[in-house]
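Trainee: This is what each chain is made of:
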Amino acid sequence: MIQPHGGKLIERVLTGAKKDEALDKAKRLPRLKLDPESVSDVENMATGVYSPLEGFLGEKDFRNVLNQMRLADDLPWTVPIVLDVDKATADSFKPGDEILLVNEEDRPVAILNLEEKYTYDKAEFAQKVFGTTDRAHPGVAKVMDMKDVLLSGKIDLIELVPTPFDRWKLSPRETRVLFKEKGWKTVVAFQTRNTPHIGHEYVQKTALTFTDGIFVNPVIGKKKKGDFKDEVILASYEELIRNYYLKERAVMAILQMEMRYAGPREAIHHAILRKNFGCTHIIIGRDHAGVGTYYHPYAAQEIFDEFPDLGIIPLFFRAFSFCKKCSSVVNEKTCPHPSSEHIQFSGTKIRDLLVQGVIPPAELIRPEVAKIIMQFKEPFND
Amino acid sequence: MDKEFTTVSIPTSLHKKIEEAIRGTEIGSVSAYIVKVVRESLSKEKEQEAKEVFSREDEEKVKERLKALGYID
Chain H
11 MIQPHGGKLI ERVLTGAKKD EALDKAKRLP RLKLDPESVS DVENMATGVY
61 SPLEGFLGEK DFRNVLNQMR LADDLPWTVP IVLDVDKATA DSFKPGDEIL
111 LVNEEDRPVA ILNLEEKYTY DKAEFAQKVF GTTDRAHPGV AKVMDMKDVL
161 LSGKIDLIEL VPTPFDRWKL SPRETRVLFK EKGWKTVVAF QTRNTPHIGH
211 EYVQKTALTF TDGIFVNPVI GKKKKGDFKD EVILASYEEL IRNYYLKERA
261 VMAILQMEMR YAGPREAIHH AILRKNFGCT HIIIGRDHAG VGTYYHPYAA
311 QEIFDEFPDL GIIPLFFRAF SFCKKCSSVV NEKTCPHPSS EHIQFSGTKI
361 RDLLVQGVIP PAELIRPEVA KIIMQFKEPF ND
Chain X
8 MDKEFTTVSI PTSLHKKIEE AIRGTEIGSV SAYIVKVVRE SLSKEKEQEA
58 KEVFSREDEE KVKERLKALG YID
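From first to last, the protein sequence lines stand for chains H and X.
In this text, residue positions in the first sequence follow the working numbering: the first is 11, and each later residue adds one.
In this text, residue positions in the second sequence follow the working numbering: the first is 8, and each later residue adds one.
You can trust all of the hints, since none of them are fake.
Quick list of in silico lysine-lysine cross-link-like pairs, DSBU-like style, CA-CA up to 35 Å:
(1) H:164 / X:51
(2) H:190 / H:233
(3) X:10 / H:70
Footprint (simulated), chain H over chain X, 3 or more residues, beta carbon under 8 Å:
(4) 39-53
(5) 70-78
Source of the hints: derived by calculation from the structure; they are not laboratory data.
Note that CB positions come from ideal geometry on N, CA and C, so glycine has one too.
This is chain X alone, in the form it adopts within the complex (with noise of 0.2 Å):
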């Protein structure tokens, strides 16, 4: 089975400054905020990328089916 976490490694003077940054907030270790911001970031990144592909064929066909259902005039 796959280790469920593993070490990333960061200077030692960022450390300090993320141990300052989230004295006293709800967020309980270095560890826990680096995950939250990396995610949000890489979040971010794929939202930008992803493309969404409907063919016109295909939306004719849904509009089509929410006229008939009264979604659409």
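Isolated chain H, as found in the complex (with noise of 0.2 Å):
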């Protein structure tokens, strides 16, 4: 089984007398308001998702990871996690203080053992992990509307917070005991954030080729306007395999983590949490975790040669269309035929027929599928 990333499987998770003893301290500590995507991190830090983190970046971390994509001890690390504060807020805490983190309806979520408290520069952060600053970019605007002064210190996990997802939410001890307990030695991850195409199914069975199992990974949580819900996604996946995969070759668990749109430095972020998971190679396609036009299509795939040391195998594949001649899905390496024989998988056209009612055809997308897609009034994030 791949070591976690760092060598350890992080877990701060309370349970028991500890647990008992943190929700009676919680009535006395000061308490700080988190947004779901700030959740989701806390939990990702301690149920070992983000391993080696177990909590926020402290400055001399992030600075490093803003300049060299790595921790301050030289593990690879590309894309901050940090939690952000207005400076009156941040001036009600010192270093040593627990403070109570908890959800918008105020349930306890963790506790912070604050360490530091450190300003940071918003369009230096924006420029170094996003490539841009413009303020069209999802991830730009989110760090340019952060707060002023970003806290750090370990956490200690009070309780998950309940989603409709939690059937599809396995923590890595689980999906290492799950890869063990199915015979896989080597398990390849598919990162998505889209109902599935013929196109993904081609990838995802030609990397099956090489690998024991396959770890479909959809990522739950805040995405940009446009894209499918949540729970169209699972249905969607959830219908693909039961009909199309093998039950003993593939699994589905979901990755609850707000999308950045980082482009390069997002596809070493998700090759390492799906190390965490268990994972010995991922998939990474063309303009992996990108938007709109601000990434190069395979700079994605080019990173990786900066990460000799990352631990998991990238599988890289171009782009794929489906060749009428061939009558099989495609790319540039193994189709002869020229474009008018190819139809293209644009997510663009699947979506305009699907709401328009009409079942795109098999070479695009599995009728199954389709069907389950057309079942939900609004499929798409608003």
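Using the hints, put the two chains back together into the complex; each one sits in its own frame.
Mentor: As structure tokens, this is what we get:
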């Protein structure tokens, strides 16, 4: 089984007497409200998804991540995981304080053991992580709207916040036991924020040819307008896997996390997280974690050259289409026919047909999957 | 604030050897080559050292949840 990133699977979930003690203490602690995205970050830190992180980044690690794409100990880490507050709130805390982190419904989530408070430059953060300061980029917009002070320190999770998708939620501890039970020595991860079309299936099954199992791992959480809703993605993948995959070779579980759309940096981040889940390989396609035209189509593959010590092996796929002459999914290396024979896997085209109530051609999407999507009155985020 | 980079000495002959080896490749400098190779080597050593430990009890609890969710029979 592949080692977790940094060599140790982090576990900071309070149980038993320690949890009771924390809940009791929580009544007396100062509170800090987190948005759902930060709640996800806390849960991911506590359950080991973000190993080796045990809390929000301190200043040294934060600056190294921005400048070197590594933590201060040189371990690859490309996306800052930080907690922002306004100055007045920051001034009310001091290092050494314990702070109760609550969700928007005031439900206790975790205790933050405050170590540092520091300021940062938002434009620098945006430029280094996203390669742009264009506010039209959703990740940049979020960073520029962040508050001015970052808090850091280890967290201890009191309780996972229930979600409608808990049936699909497995921790790295659980996926590692699952892969072991299945007898999988090699596992390829497929990261997605979309419903599956035939091209996705082709890529997954090609990768599965060389590994023991595939871990379909949709990102559930805040995404941009026009993306499919989480429940639609899960229902469509459930249908695809049930009808077209072998149970002993394919599993699906969610990654609850905000998409940053940081392109290359986020591709490495995604690889690290799937390594923590126990995956030995990860599929990286064209414009992985990209948005608009901010990133070169294959920049998210090229960046892996800078991380020979990542530990998880990327499987790179070029753009693909359906060739009518070949009667199969093809790419630039496998098909000699002109583009007039090709049907493109256009997400926009597939969506438009579905919205009109038309089942797209079977060359693009499995009819069972299309029917499941069409059962949802409003399948897209507003 | 700690410096981001520091200087390491290598024999001149080795430096020349590396320069020749990386000529025409995408590796921009001898330093970049050394950084890449050393990181790769260190990570392989670390992979061999680290051990994952789940207690039998932990593992059984996890299996119960996996069975309840239908992931395993």
